[in-house]
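Protein sequences appear in the order of chains H and A.
Residues 1 to 300 in full-length UniProt numbering are what the first sequence lists, from first letter to last.
Residues 1 to 240 in full-length UniProt numbering are what the second sequence lists, from first letter to last.
Quick caveat, the hints were computed from the structure, so don't treat them as lab data.
Even glycine gets a Cβ: it sits at the ideal position worked out from N, Cα and C.
Treat the hints loosely; a few may be bogus.
Now the in silico label distances, taken between C-beta atoms and shown as ranges [as the list claims (entries may be wrong)]:
1) H/W39 / A/S231: 26 to 34 Å
2) H/L48 / A/A30: 45 to 53 Å
3) H/K159 / A/F99: 16 to 24 Å
4) H/K159 / A/S220: 16 to 24 Å
5) A/V95 / H/L298: 28 to 36 Å
6) H/K53 / A/S231: 30 to 38 Å
DSSO-like, lysine-lysine: derived pairs with alpha carbons at most 27 Å apart [what the hints assert, rightly or not]:
7) H/K8 / A/K230
8) H/K34 / H/K51
9) H/K275 / H/K225
10) H/K136 / H/K159
11) A/K219 / H/K159
12) H/K136 / H/K277
13) A/K197 / A/K186
14) H/K121 / A/K197
15) H/K277 / H/K159
The residues making up each chain are set out below.
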Amino acid sequence: VVEVLDAKTREQLCFLDKVEPHSTIGDIKSLFYKLYPRWYPARQSLTLDPKGKFLRDEEILQSLPVGTTATMYFKDLGPQLGWTTVFFAENIGPLLIYLLFYFRVPYIYSDRCAFTSSPHKVVTMACVCHTFHYLKRLIETIFVHRFSHGSMPLRTIVKNCLYYWGFSAWLAYYINHPLYTPPSYGEVQVHYAMVIFAICEMGNFSIHLTYLPAHALIRFPVPSKNPFTWLFFFVSCPNHTYEVGTWVSFSIMTQCLPVAVFTVLGFIQMTVWAKGKHRAYVREFKDYPAVRVAIIPLIL
Amino acid sequence: MSAAAQGTSKAAHGDVAPKKKKGPGALATAYLVIYNVVMTAGWLVIAVGLVRAYVARGSYHGLYYSIEKPLKFFQTGALLEILHCAVGIVPSSVVLTGFQVLSRVFLTWAVTHSVREVQSEDSVLLFVTAWTVTEIIRYSFYTFSLLNHLPYLIKWARYTFFILLYPMGVTGELLTIYAALPYVQKTGLYSVTLPNKYNFSFDYYTFLILIMISYIPRKSIGRLHFPLQKSAIRKTGYTG
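Just chain A, same shape as in the assembly (with noise of 0.2 Å):
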C-alpha cells in the first residue's frame, strides 16, 4: 500500500542510522511538507464525506457516489509521488512506487469509474474506507517526519492499522473487480478483436483476471513489507 517513509532515510542494518542520508534541500522539504499536508487534508475530507453521508442516508450502501470527485481527485494526485522518486527528493524506488501508485488508480479509474455497475457495491465502500484511514495516517506521518517531530501515535498508529487495513483493502479490490467481470465481458469494455488493421488484439476480461491473480504474490511481498520495516527499525533502535 504505501512506500517506506518519505523524507526519511531506511534505517541501515547493524549501525546506527543517521538523521537523514542525503535529505532533501530545503525548497523540496517545504514542497513535500505541503503535498503531505495537502494530501492528507483532501483523504479527510473523503473520511468527513462518508461519515457524513452514512448519517444522512441511514445505510452505507452506495456511499461511493458522495466522495467519488475527492477520490479520484487525490487518488490521482498521488501519481506525483512517482515523480518525488524519480527526481530524487523522495528516497524511495520509481518502481516500487510506481506499481503501488498504478495499482491504486488503476483500480480508481478502470474498474470503478469505467464500469458503472460496480460503483454501488459494498466491495467499493470497503477499500474506500481502507484506502481513506490509510493514507490519512501516512501522509500525516510524512507530515511530520519531514518536520522531523514524529509523535510516536502517528507512527504506531501505522504500523499496527496496517494489519487490519491492508487485508481489508485488498479484499475490497479483489471483490470489486470480480463484480466488474461480467459486464466487461458483456460488453467488452477496452477490448480489441481480430480481425483488424494492426493484428493485434486485447481481451480486457481475461485481463482483470490476471490483475486478480497477480493480486496473490504482489500483495503477499507488500504484506511483508511493513512487518520487515517494523522489525528493522526494531533492532537498530530507530525512531525517525
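Next up, chain H with everything else stripped away, as it sits in the complex (with noise of 0.2 Å):
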C-alpha cells in the first residue's frame, strides 16, 4: 500500500492500495499521473522524506525502507522538457540567428546594407566555422548523446537558451557588421586559427563518439590508436579542452572582442564540469592516472 502527501501541506493526495512490492517509483509515478494527469511522471518528485532526496525511477518498492503502508512526499518539479529537446532548442537557437546577421536581414543594420555581403572573406569562412559547429552539435544531439536524467525544468531551459541565442546575436552582431575590421595579422592568423579550429572541433567529435554515454562508466576512459583520444594523457574531459580550443580559434580567427568574451565565460564554466568530472573519477577509481588534470593539461 502507498500514501502519497504533498510535500508542503502535508495532505493525502492519494492512497494506492494493490501496489505489487516489486513495483517501481516509475509504476508508482503511473499510477499516481493517472489519478492527477496534469503532472505527468517526469514532473513528479517522490521522498520518502518531506526534505529528503528524491526516489529514482529504477527503485523497487520492497527494497525501500518503509512497513507495510508506504508513505511518500509529491513534489511538482514544473513543466519538464526532455534533454534532447533542450539541448536541440540551445543550439538551434545560434545556427539561425548567426544566420540571420550573415545574411543582413532588413532592420539589423542600415537599409542600405540590407541583404548585402562583406567584401571579407574571412567574414564568409567565420560563418562557414559557426554554422559547422552548430551542426555539428545538433547531429551530436540527435545521434550520439545519451543522457542521464530524463528532463530539465522549464526556467533552466529559458534561461540557457537567452544565454546561448543572446551570446550568439551579440558577437554575430560584429563579425557581420558592415565596419567590421579584419584581423591584424590577415591571412595569417585567419588560416593557423581555421586549422586549429578544425583538429579541436574533430577532437571534440572523436571524444563524443566514443566515449559518452552518459550513466556511470564501468572503467575510466583511457587514450586509444586514434591520435585525438591522446588527450586522455593528460585531462579527464579533453571534449571540454578541445571546445575551448574551438572557441579560442575562433576568437582569434574573427579577432572580435565579444567572441573573446564569449570563450572566457565558456572556459569558466566547462571548467566547472570539468572538475566536477574528474572528481567523480578520483573518487570511483583507486587507480586513476595521477598525472591527470580536468581541463588544461598540467595546469587546471
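Put the two chains together into one complex, using the hints given.
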C-alpha cells in the first residue's frame, strides 16, 4: 500500500492499495499520473522524507525502508522538457540567429546594407565555421548523446537559451557588421586559426563518439589508437578542452572582443564541469592516473 | 539600499531564532565594530558638511562640492562589505551586497564624478541626503547589533525612515542619470565606436538608459525587502 502526501501541505493526495511489492517508483508515478493527469511522471518528485532526496524511477518498492504502508511525499518539479529537446533548442537558436546576421536581414544594420555581403573572406569563413559547429552539435544531440536524467525544468531552459542565443546575436552582430575590421595579421592569422578550429572540432567529435554514454562508466576513458584521444593522457575531459580550443581559435580568427568574452565565460563554465567530473573519477577509481588534471594539461 | 543586518542572523521562519547562527569570531567582530563605527562617523561628517555648507551659503544649490571628497571616500569604502560577505564574517549574500554597493559606486563615480555638468543639479543633493541619513542609521544599527545592544529607536528609525528615504534616493539617482544623458551623448563619454581593431562597440548613452529602465524591477524588489524583513521579525518576535 502506498500513500502519497503533498510535501508542503502534508495533505493526502492519493492512496494506492494493490501496489505490488516489486513495483518500481516509475510504476507508482504512472499510477499517480492516472489520478492527476496534469502531473506527468517526469515532473513528479517522490521522496520518503519531505526534505529528502528524490527517489529514482528504477528503485523497487520492497527495497525501500518502509512498512506495510509506504508514505511518500510529492513535489511538483514544474514543466519539464526532455534533454534532447533542450539541447536542440539551445543549439538551433545560435545557428539560425548567426545566419540572420550573416545575410544582413533588414533592420539589423542600416537599410542600404540589407542583404549585402561583406567583402572580407574571413567573414564568410567565420560563418561557415560557426554554422558547422552548431550543426555538429545538433547532429550529436540527435544521434550521439545519451542523457542520464529524463528532463530539465522550464526555467533553466529559458535561461540557457537566452544565454546562448543572446551571445550568438551579440557576436554575430559585430562579425557581420559593415564596419567589421579583419584580423591584424591578415590571412596568416585566419588560416592558422582555421586549422586549429578544425583540429579541435574533430577532436571534440572523436571524444563524443567514443566516450560519451552518460551513465556511470565501468572503466574510466583511456587513450586509444585515435590520436585525438591521446589528450586523455593529460586530462579527464578532453571534449571540454577541445571545445575551449574551438572557441579560442574562433576568437583569433575573427579578432572580435565579444567572441573572446564568450570564450572566457565558456571556459569558466566548462572548467567547473570538468573539475566535477574529474573529482568523480578520482573518487570512483582508485587507480586513476595521477598525471591527469581536469581540463588544461598539467595546469587545471 | 542596505543588505540584511551585518553580524546578526536572519530570523528563521516559524521558530524562535537563536541569538547568532554562526557569529563571526571575536577578532572579526572587533574589526566589524571598528568598520561600522568608522563608517557611521564618516557619514556623520558628510551630514555635518552638508548642514554647514547650507548655513554658510544660505541656499541648497551646489552643496555637492562641499562634501565631494568624503562622499567618494566613504561610499567607495563600502566595497569592503562585499569582501565581508565573501569571507563569511557577514551572513549576507555576496551577489546581493555586490549589486547594492556597485550601484552606489557607479552613481558616485561613473555618473556624478564623470559628468561635471550634473554636479550642480538638485537631484544630486536629493540622493546624497537620502544616502547620508540611511547610512548613518544603517551603520549605527550594525554597530549596536554587533555589540548586542540595539536600542529600539535605531531599529525603528531604520525601518521607518526607509519608507521615505528609499523613494527619495531612487528619485535623486534617476533624475541625476537623466540629467547626465545629453552630455554623455554629446561627448561620447566612455563610448567605443566602430570600426576598431577589436570589433567591439559600447554606447554609454544607451547603457545609461538601460540602467534607468533596470531601476524598475531592481528597486521594486528592494522596496519590498524591508517590509518583508520587518514582518518576518514581527512574526517571530526576534528583536535582534
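Structure versus earlier hints, numbers of those that do not hold, lowest first: none
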